[in-house]
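A.B. asks: Okay, here's what each chain looks like letter by letter:
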Amino acid sequence: MDAIFLQILNGLDKGGAYALIALGLTLVFGTLGVVNFAHGALFMLGAFCSVSFYKLLTLSKQVKDESITFFDAFKEQPYLEIWFGDYGTTIIDLAVPLSILFAIPVMLLIGLIMERGLIRHFYKRTHAEQILVTFGLAIVLQEVIKSFFGANPIPMPAPEIVSGSAPIGVLFGLGESVVYPWWRLIYLLFSGVVIAGVFAFLNMTTYGMVVRAGMMDRETVGLLGIDVERRFTVVFGLAAVVTGLAGVMYAPILPPDYHMGMDFLVLSFVVVVVGGMGSLGGAVAAGFLLGILQSFASMNEVKSIIPGIDQIIIYLVAVVILLVRPRGLLGRKGVMED
Amino acid sequence: MKTPTIKQDMLVMLIFSVVILTMPLWLEPLGANYPDLLQKFAIFGIFAVGYNILFGLTGYLSFGHAAFLGIGSYTAVWSLKLLTMNILPALLFSVLMSGLFALLIGFITLRRSGIYFSILTLAFAQMFYNLAYSVLTPITNGETGLQLARDDARVIDRLFSEAGEGLPSTDFFGLAMSGYSGFYICAVLLIIAFFISQRIFHSPFGTKLRAIKSNQTRMKYTGYSTRPYLLTAFVISGMYAGLAGGLMAATDPLAGAERMQWTASGEVVLMTILGGVGTLIGPLLGVGIIKYFENIFSALNEQALHQAFAFMPDWLANIMVFLTSPFVGEGWHLTLGALFVLIVVFLPGGIMQGIDLIKKRFSSPSKNSKTEHTSSEARLEKAPENGQ
Chain G
1 MDAIFLQILN GLDKGGAYAL IALGLTLVFG TLGVVNFAHG ALFMLGAFCS VSFYKLLTLS
61 KQVKDESITF FDAFKEQPYL EIWFGDYGTT IIDLAVPLSI LFAIPVMLLI GLIMERGLIR
121 HFYKRTHAEQ ILVTFGLAIV LQEVIKSFFG ANPIPMPAPE IVSGSAPIGV LFGLGESVVY
181 PWWRLIYLLF SGVVIAGVFA FLNMTTYGMV VRAGMMDRET VGLLGIDVER RFTVVFGLAA
241 VVTGLAGVMY APILPPDYHM GMDFLVLSFV VVVVGGMGSL GGAVAAGFLL GILQSFASMN
301 EVKSIIPGID QIIIYLVAVV ILLVRPRGLL GRKGVMED
Chain L
1 MKTPTIKQDM LVMLIFSVVI LTMPLWLEPL GANYPDLLQK FAIFGIFAVG YNILFGLTGY
61 LSFGHAAFLG IGSYTAVWSL KLLTMNILPA LLFSVLMSGL FALLIGFITL RRSGIYFSIL
121 TLAFAQMFYN LAYSVLTPIT NGETGLQLAR DDARVIDRLF SEAGEGLPST DFFGLAMSGY
181 SGFYICAVLL IIAFFISQRI FHSPFGTKLR AIKSNQTRMK YTGYSTRPYL LTAFVISGMY
241 AGLAGGLMAA TDPLAGAERM QWTASGEVVL MTILGGVGTL IGPLLGVGII KYFENIFSAL
301 NEQALHQAFA FMPDWLANIM VFLTSPFVGE GWHLTLGALF VLIVVFLPGG IMQGIDLIKK
361 RFSSPSKNSK TEHTSSEARL EKAPENGQ
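Here the protein sequences come in this chain order: G and L.
Quick note: the first sequence, position 100, residue 100 per this note's numbering, numbers continuous.
Quick note: the second sequence, position 154, residue 154 per this note's numbering, numbers continuous.
Simulated from the structure, these hints should not be mistaken for lab results.
Be careful, since some hints might not be right.
As the list claims (entries may be wrong) - The following label-pair restraints were derived from C-beta to C-beta distances:
| # | chain 1 | residue 1 | chain 2 | residue 2 | range |
| --- | --- | --- | --- | --- | --- |
| 1 | L | G223 | G | G197 | 44 to 54 Å |
| 2 | G | N152 | L | S169 | 34 to 44 Å |
| 3 | G | T205 | L | P326 | 35 to 45 Å |
| 4 | G | G197 | L | T217 | 56 to 66 Å |
| 5 | L | R199 | G | I4 | 56 to 66 Å |
| 6 | G | I305 | L | L100 | 23 to 33 Å |
| 7 | L | T324 | G | A200 | 45 to 55 Å |
In this text, a Cβ means the ideal position worked out from N, Cα and C, and glycines have one as well.
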């Protein structure tokens, strides 16, 4: 029972990341009709936003180490600590959550540049060509990051106050022994909030309404005198931000390295296809569903029955769903039908 | 489109064979005539030529061809371990095995088209890749990769001779698979592969595949069931990939799972696109360029750059080195990615389209702006609708 409970949490947690990435991917696909293989790179860029923000905060100066008296020792002390004392230390400790504020404008900018600079020339090209050009772009972004930050994963600390485990079992009457890392719980909560935010934006604001109308029928909205293109550019920026934030918060869970984007890209495409191309709700649902399935498949009890199932469950589900439900779980009629 | 006559085809084949077989000679000034690289040219050439039969003719973008490459490699190494160090059975088995898998995977994935097909093939390739790393370790030897050992069975070899000292090396009835003789074996296979692909391109079967690419719906209304044709093309290109994988194992008897990773599938797509999709010779050009520059660029380092720019004034040379150093050595992939983006943006038909443009410009200078326009337009028109 405990194990099952923990696996559900694990799955929700992983699913949160999948759902956020897939949500961004679907936004881009549903509005612009572009199959964006550089989407994983956006996730990776988000993670590196937090890395670079952390590096920025910990810019240090050599100071004399007073604790060592018998010879001249120097240690690195971040400027923030020198200037603000303990407040500075707290700020550095909170680097990852604070880098959200840093990541939002950066990712928005990256998204807008990407859309205006490259992607918009590909609206009318075939999907194959879109895949190819964004695949090339992903390689470029990945290599740029590699040349700046190196090839090794960079561990990022979660804030100290939430670095331990939460006695989550008590809440559900499962006893003290059932614990779960705080940061993962926060991630789950965070992904929920972001997803809710995106849906609120699309469903409750006029701007979002126009965007949704544009997704349904771009031409008619254009005929009504609305500049759809501009809105779609903004949506691309939004998708970049959502994906980037998923990356920022994921940094303490998985130390960012330059190819993490590619790893997640394949998964998130599978998630989108399972959820149904162009369906936002489908992407979110499929994200959580596949996350949970994956974490259950990696239980030892399951693995002993079907060896290797944890490695292929996601792809297997994708194959089965695509064959029996061609539109995916919640796919709309007429979107990418073939 | 006018189909060339048999005579023209034979002429092309003759020229092609001569060009390929004399590669060690004319690549010498480029510094690329050592056997290792030449073998790579030929092997990836086979891979790309086969991939082009699927992607170039039918427009179905498979992201999972690396799986067949891997299957071919594993099969070949097993044949080398169990039967004989002669590569003939190894290659036969790898072609057969990957053909079988292609039949199975193609049967399932070809139910869908467009992006779904890409994702499905990708999903299968990833499954194979993950399995090769985990559960299939007895067959694939996991992360270490499948290697030869001295005390392997090698049943057929044992009939003729005792096991020698040390690791035996692969051969083709006495011809060693390393060095130039290895290249010539690969080259002959490439020529045969190219010949088959040329026959397919100019056959009614090839025409039908092109018809599927340009308008599958209409093709169906005409009364053709398109799936068998697609499946045949898929299996053929899978077998090509298997042959390439088998040759990889034959020249260097080691098969690792990373050969099946989806970036490996991406690489062959890249080569095909760079050269020119759907053209006969294009993919080979792509292979040549990518493999050549991979070798040259990744070997360069800052020192070599300083030497290259030595003729400039010092300050300018320093700037040039600073600008170019991220693109060479470790950063070769950056060059590759950037090149890829540029090609898809400006020259979606690849190098072959570029050559066509130049040809047209020289033949009728007055119409050049117009022809450029129409040829890129025509490409867009040809885009697969994939509607049913």
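A.B. asks: Take the hints in turn and mark each one as holding or not.
C.D. replies: Consistency of the hints with the structure:
1. Restraint check, G223 (chain L) to G197 (chain G): a C-beta distance of roughly 53 Å satisfies the suggested window 44 to 54 Å.
2. The hinted window of 34 to 44 Å between N152 (chain G) and S169 (chain L) holds, with their beta carbons roughly 37 Å apart.
3. For T205 (chain G) and P326 (chain L), the hinted distance range of 35 to 45 Å is satisfied, since their beta carbons lie about 43 Å from each other.
4. With their beta carbons about 42 Å apart, G197 (chain G) and T217 (chain L) fall outside the hinted range of 56 to 66 Å.
5. Checked against the given bound of 56 to 66 Å, the beta carbons of R199 (chain L) and I4 (chain G), roughly 59 Å apart, stay inside it.
6. In this structure, I305 (chain G) and L100 (chain L) meet the distance hint of 23 to 33 Å, their C-beta atoms being roughly 27 Å apart.
7. The hinted window of 45 to 55 Å between T324 (chain L) and A200 (chain G) holds, with their beta carbons roughly 48 Å apart.
When each numbered hint is compared with the structure, a violation occurs for hint 4 only.
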